[in-house]
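Visitor: Top to bottom, those sequences are chains A and B.
Here my numbering is used: position 65 in the first sequence is 65, and no number is missing along the way.
Here my numbering is used: position 222 in the second sequence is 222, and no number is missing along the way.
Hints listed in this document are in silico derivations from the structure and should not be mistaken for laboratory results.
A couple of the hints might just be wrong.
[Claimed, not checked] Each pair of labels, with its calculated beta carbon distance range:
1) B:Asp126 <-> A:Tyr62: 20 to 30 Å
2) B:Asp152 <-> A:Ser73: 46 to 56 Å
3) A:Ser96 <-> B:Met41: 43 to 53 Å
4) B:Thr71 <-> A:Asp32: 15 to 25 Å
5) B:Glu150 <-> A:Leu55: 23 to 33 Å
6) A:Arg9 <-> B:Glu129: 15 to 25 Å
7) A:Arg61 <-> B:His11: 22 to 32 Å
8) A:Ala79 <-> B:Glu129: 18 to 28 Å
9) B:Asp130 <-> A:Ile40: 25 to 35 Å
10) A:Tyr62 <-> B:Val107: 36 to 46 Å
11) A:Ile10 <-> B:His11: 25 to 35 Å
Small disclaimer: the values here were computed from a predicted structure and weren't measured.
Glycine included, every Cβ here is placed at the ideal spot set by N, Cα and C.
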Amino acid sequence: MSEHIVPVRIYVTIFLVLLVGTALTVAAAFVDFPGRLNTIVAMTIAVTKATFVVLYFMHVRYSSRLVWVIVASALFWMAILFALTFSDYLTRGWLSVGY
Amino acid sequence: MDATTQEVHGHRALQHHFENMEQQREAGTLGMWVFLVTELMFFGGMFLAYTLYRAKFPAAFASASNHLDITLGALNTAVLIFSSFTMAMAVYFTQVGKQRPQVICLVLTLLLGLTFLGVKAKEYHDKYEDSLIPGRLIPGRPFGPEVAHEGDHDPHKLHLLGNATVRQVEMFYWIYFAMTGMHALHMIIGAGLLTFLLIFSLKGRFDPEYHSPVEVIGLYWHFVDIIWIFLFPLLYLLGRHMEHV
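Could you build all of it, start to finish, from the sequences and the hints given here?
Guide: In structure tokens, the structure reads:
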């Protein structure tokens with residue numbers, strides 16, 4: 001069989017990394033960072049945790065190119081959803097035409 | 001039929017339209033990933049609504065978020081991560097053909113999933129007690145939390161930060177219940193799928209050649225975990241640093 005079996009050691013490591021990430025994000029939430037840094041820190045930790053789950057628990061790191069394309073397409077369409085919506089909402093009021 | 005063809009077509013779980021077990025497994029995995037992309041689009045709409053309203057009512061979102069129970073939220077995050085780990089181990093034990101540990105891992109995953117739902121139910125009940133279920137979803141208990149005044153530290157009352165209003169806080173709770181509710185529904189479906197896996201696992205249906213159902217339901221379970229990994233900081237943690245300001 002050509003299927004890759006992820007060793008237990010890696011699963012345990014990822015599990016511990018995820019728990020540490022959770023503790024970090026709770027600790028960081030109580031620190032008053034300047035500006036929007038709190039949100040940026042929280043989202044960076046969440047994206048990192050999600051990446052570990054996708055790559056190792058969901059085996060994407062060992063999967064075919066086709067699976068990589070599907071995963072990338074999900075992120076691509078999410079980017080369209082957010083980018084196009086915010087190009088409207090965040091730019092309202094930039095022009096001073098009354099309506 | 002020569003000997004090699006017979007060998008390739010030998011497994012009882014192989015469907016006639018696939019060349020061999022490996023092709024069948026890869027097709028199944030790919031199909032699940034396509035489904036998960038549509039799931040991400042589905043949750044994406046709610047994450048978008050959350051982001052827009054949070055940008056519009058930052059003080060109200062921080063006030064409402066601070067009313068959520070951070071201990072229960074963090075506990076549930078840990079429970080879900082643990083369940084993802086046991087799910088991954090269930091896949092591993094199926095791949096190496098060890099049935100007993102496989103059954104144990106599936107049982108653990110199911111129990112952890114149910115623990116998550118139990119904690120969630122407790123949280124929902126707490127919100128009900130404080131009249132924080134939005135609109136008139138609960139007959140006889142419309143949205144109407146008591147607002148705390150200066151110096152009042154009653155945790156059951158709503159502590160408004162800055163220029164936040166009760167109506168804006170209600171918007172947060174619509175989004176909170178929509179997102180966590182849909183997530184909980186996915187958990188319930190996941191628990192059902194795990195029960196199905198467990199029954200077939202006890203019957204010894206899965207082996208190193210055939211374990212697509214375990215792998216594919218595992219993918220779904222991890223996906224639901226990932227959604228929670230984002231929901232936890234976005235819903236529970238966003239206003240904590242403003243609590244003492």
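Visitor: Could you run down the list of hints and mark each one as holding or not?
Guide: Cross-check of the supplied hints:
no.	hint	result
1	B:Asp126 <-> A:Tyr62: 20 to 30 Å	violated, 42 Å
2	B:Asp152 <-> A:Ser73: 46 to 56 Å	holds, 51 Å
3	A:Ser96 <-> B:Met41: 43 to 53 Å	violated, 36 Å
4	B:Thr71 <-> A:Asp32: 15 to 25 Å	holds, 21 Å
5	B:Glu150 <-> A:Leu55: 23 to 33 Å	violated, 49 Å
6	A:Arg9 <-> B:Glu129: 15 to 25 Å	violated, 45 Å
7	A:Arg61 <-> B:His11: 22 to 32 Å	holds, 27 Å
8	A:Ala79 <-> B:Glu129: 18 to 28 Å	violated, 40 Å
9	B:Asp130 <-> A:Ile40: 25 to 35 Å	holds, 31 Å
10	A:Tyr62 <-> B:Val107: 36 to 46 Å	violated, 27 Å
11	A:Ile10 <-> B:His11: 25 to 35 Å	holds, 28 Å
Violation of the numbered hints given earlier is confined to hints 1, 3, 5, 6, 8, 10; the remaining hints are satisfied by the structure.
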